[in-house]
Amino acid sequence: MSVQRVISRASRALVPSSSPSSASRYYSSAPRPATEESKSALPPRWLSDTKTRIGRCITFGLPPKLVEEAGQVLQVLARDWRELLAGSEGYLTSEKRAGLHRQKIVWGEQDAMGHMNNTMYVRHAESGRCNWVRNYSSHVDPTHKQRWEDLISSKGIGLILKSITVDFKFPMKWPDRVSVYHKLRYRPDESTDSLILDVLIMSEVRQRPAARCLEDVVVYDYRVGKKSTLEPFMLEEFKKTFDLQEAAKKENHAKIEWIEQRVRSLETGSWDRHDAKEDFGSAGRQ
1 MSVQRVISRA
11 SRALVPSSSP
21 SSASRYYSSA
31 PRPATEESKS
41 ALPPRWLSDT
51 KTRIGRCITF
61 GLPPKLVEEA
71 GQVLQVLARD
81 WRELLAGSEG
91 YLTSEKRAGL
101 HRQKIVWGEQ
111 DAMGHMNNTM
121 YVRHAESGRC
131 NWVRNYSSHV
141 DPTHKQRWED
151 LISSKGIGLI
161 LKSITVDFKF
171 PMKWPDRVSV
181 YHKLRYRPDE
191 STDSLILDVL
201 IMSEVRQRPA
211 ARCLEDVVVY
221 DYRVGKKSTL
231 EPFMLEEFKK
241 TFDLQEAAKK
251 ENHAKIEWIE
261 QRVRSLETGS
271 WDRHDAKEDF
281 GSAGRQ
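To convert, note that position 70 of the sequence shown is 70 in full-length UniProt numbering; the numbers rise steadily by one, no gaps.
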């Protein structure tokens, strides 16, 4: 993929998310929003393709200075691949934010075809959402710990899953590990009584998304038996979370742009130049 194309996609993703019309903004009855993947996601094989591009340059032959630069880029890819893939879409990937972090897939989760059973993706998304909420009680806002814990119970203000859709990308197999990330699609406000959550289910072995989900979650007051708005402290934390998501997009798209520029310089410094001549090592000098 050319650097111009990746940078173009990155720049489009940096445009702040637009809010839907007020009539259908956060309501469960709203039509399903357009897929987030089409807006800001990298190509599914971007990570492996980038490594292959660097490998071709190294195999062809690089001067010492560019060998060091190739090593630096590969180090960033190995260390930050979750942030580059998921963070560039706005997902917060730290262990204190992830719904599931490197959760082991067990042999019994497979179907007769040797693939992880389709129902398990929904299970991982559901478990991830509960942990995503509990992260607020444990790490983000422990001052209101019990109130956040109650959000996944039926004691007061709670969340009810109204619908979930799953787009399968490839069949995961045992052994593997799965990481699950949730993000708010829209910035909530005082009228918010439901949340649209994008979900990314990531394979650690393949280092790319195995599935994407879309969850429509209703805010419900069990004490009075009807829909409710968010409590003020929850609203403030969700607003902060959305702002962090937007910041993650910018930060990681900047990293992607840097990587694309560095890889392109490796290519023009090796095989993709007019006087390119492959280095065959000692065998070529005999």
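A hint or two may mislead.
[Unchecked claim] Here are the computed lysine-lysine pairs in the DSSO-like style, where the Cα-Cα straight-line distance is at most 30 Å:
no.	residue 1	residue 2
1	Lys255	Lys51
2	Lys255	Lys96
3	Lys51	Lys227
4	Lys51	Lys104
5	Lys227	Lys239
6	Lys51	Lys145
7	Lys226	Lys240
8	Lys227	Lys155
9	Lys145	Lys96
10	Lys155	Lys96
11	Lys162	Lys145
12	Lys240	Lys96
13	Lys155	Lys145
14	Lys162	Lys239
15	Lys96	Lys239
16	Lys255	Lys169
Hint data in this document are derived by calculation from the structure and do not stem from the laboratory.
For each hint, the structure was consulted:
no.: 1; hint: Lys255 - Lys51; in the structure: holds (15 Å)
no.: 2; hint: Lys255 - Lys96; in the structure: holds (22 Å)
no.: 3; hint: Lys51 - Lys227; in the structure: violated (49 Å)
no.: 4; hint: Lys51 - Lys104; in the structure: holds (25 Å)
no.: 5; hint: Lys227 - Lys239; in the structure: holds (20 Å)
no.: 6; hint: Lys51 - Lys145; in the structure: violated (43 Å)
no.: 7; hint: Lys226 - Lys240; in the structure: holds (27 Å)
no.: 8; hint: Lys227 - Lys155; in the structure: holds (14 Å)
no.: 9; hint: Lys145 - Lys96; in the structure: holds (15 Å)
no.: 10; hint: Lys155 - Lys96; in the structure: holds (25 Å)
no.: 11; hint: Lys162 - Lys145; in the structure: holds (25 Å)
no.: 12; hint: Lys240 - Lys96; in the structure: holds (15 Å)
no.: 13; hint: Lys155 - Lys145; in the structure: holds (14 Å)
no.: 14; hint: Lys162 - Lys239; in the structure: holds (22 Å)
no.: 15; hint: Lys96 - Lys239; in the structure: holds (17 Å)
no.: 16; hint: Lys255 - Lys169; in the structure: holds (25 Å)
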